[in-house]
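Asker: Sequence positions in the sequence shown follow the UniProt record's numbering and run 1 to 450.
Don't take every hint at face value.
To be verified - Quick list of the computed label-pair ranges, beta carbon to beta carbon:
id	residue 1	residue 2	range
1	Lys161	Arg437	49 to 55 Å
2	Arg183	Ala281	31 to 37 Å
3	Pro261	Lys385	18 to 24 Å
4	Arg207	Asp373	48 to 54 Å
What the hints assert, rightly or not - With a straight-line Cα cutoff of 30 Å, these simulated DSS-like cross-link-like pairs (lysine-lysine) come out:
id	residue 1	residue 2
5	Lys382	Lys289
6	Lys322	Lys289
7	Lys137	Lys120
8	Lys322	Lys382
9	Lys411	Lys382
10	Lys382	Lys423
11	Lys449	Lys403
12	Lys382	Lys438
13	Lys385	Lys289
14	Lys388	Lys403
15	Lys411	Lys449
16	Lys388	Lys289
17	Lys170	Lys322
18	Lys411	Lys388
19	Lys388	Lys423
20	Lys120	Lys170
21	Lys449	Lys410
22	Lys438	Lys161
23	Lys137	Lys161
24	Lys411	Lys385
25	Lys449	Lys322
26	Lys438	Lys403
27	Lys410	Lys423
These aren't lab readings, by the way, just hints derived from the structure by calculation.
In this text the structure is predicted, and so the values were computed from the model without any measurement.
Just so it is clear, CB atoms sit at the ideal spot from N, CA and C, and this is done for glycine as well.
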Amino acid sequence: MASTANAFRLTVSPKPAANASADAFVRPETLSFCSSAGGVRLRRSGGACSVSASSGAGAGAVRFRVRAGAAQVMDKSASEASSKAPTIVEVDLGNRSYPIYIGSGLLDQPELLQRHVHGKRVLVVTNETVAPIYLDKVVDALTKGNPNVSVDHVILPDGEKYKDMDTLMKVFDKAIESRLDRRCTFIALGGGVIGDLCGYAAASFLRGVNFIQIPTTVMAQVDSSVGGKTGINHRLGKNLIGAFYQPQCVLIDTDTLTTLPDRELASGLAEVIKYGLIRDAEFFEWQEKNMHALMARDPLALAYAIKRSCENKAEVVSLDEKESGLRATLNLGHTFGHAIETGFGYGQWLHGEAVAAGIVMAVDMSYRLGWIDESIVTRVDKILKQAKLPILPPETMTVEMFKSVMAVDKKVADGLLRLILLKGPLGNCVFTGDYDRKALDETLRAFAKS
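All chains should be built: construct the whole structure from the sequences, respecting the hints.
Answerer: This is how it looks when you write it as structure tokens:
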């Protein structure tokens, strides 16, 4: 691609060979641009890229599409040498767009965090598990070279069962007692529960204050911190109370995963696997080859999986922020999974564990409808087992428990339960209420007691 004023070069490296060694990990496509005059700007969201250039002679713009699966074998030493520079994925929402920073050691780069803080007052919301490890580091990042900033914090109990109105009130109590005003910033430091709860508090306090996400679990980094879904649970259903409220930025320091328990790591991988199943078949194939590296916490493999997941999530959110259609497909397995979490008791299973079993049930139903090949069923079971995730719901779950909870799911419309199901080749799905109810009943009877 070229113009008289500017010249551009796009380099997309090939996928690694199928017989690549176990130590060869892949990174996303490389994009290179040259300009003879003026400036070049690259903007990327998922697989879509937009480049605009300007010079004294005028301006030009070009749009092109890059396959999300393009990748190159990554030399570890070269990658580690540049690991301190964050990768940035943008969530494109017009004047409410925001960056997702991904990289190692980002909490040691205070300028990243400070540029997104509004005002001089900050409230860090965290939990009893994360606070002893990372709270001081975040406070240091906020105040280093910035003595005018005052940081308060509230430390909440850890666990899904505390994602409720009583815990939310503790955040409001601290904010009001600290006399925070509308120019304050709330920061969520923790996993998905903290992010959801803090985000809802930020959306509600004084009708909305600045909000930053610092996710410390795989689950939060690849899914819940991105896209602005905030909220709390009700005793009758998960996430029934909440709001869409976007953060100013998401800061993902991959070093925080070194302290993550194995069970939490596996839980987060359920969401990673989901992206491959619903929209990114090449990513799923990469996971099949590299699940051992993810489970072993290889930093390059984890960084790639997080980035690729965020690219997928950001692209969907940019197209459907309020979940009117496309974004609902990100809930593969969640309708069954939320029924497990609610019916079995919040906190008994981690969210990703329930989603994993829910994915198996959704895949089973898709197969019963004749929408997918049996080979996909087999591959899903295999990769979830490799990730040490459950492929069956708890034995105590009954058909009636599933039905009663699913009846109040957020995806019910006019009394009709809509589901996310796979349809066609791997990487394709539908969000629909147009399915044979017999298939749903058969799936429930196959996985739950009558």
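Asker: If you check each hint against the structure, which ones fail?
Answerer: 1, 2, 6, 8, 22, 25
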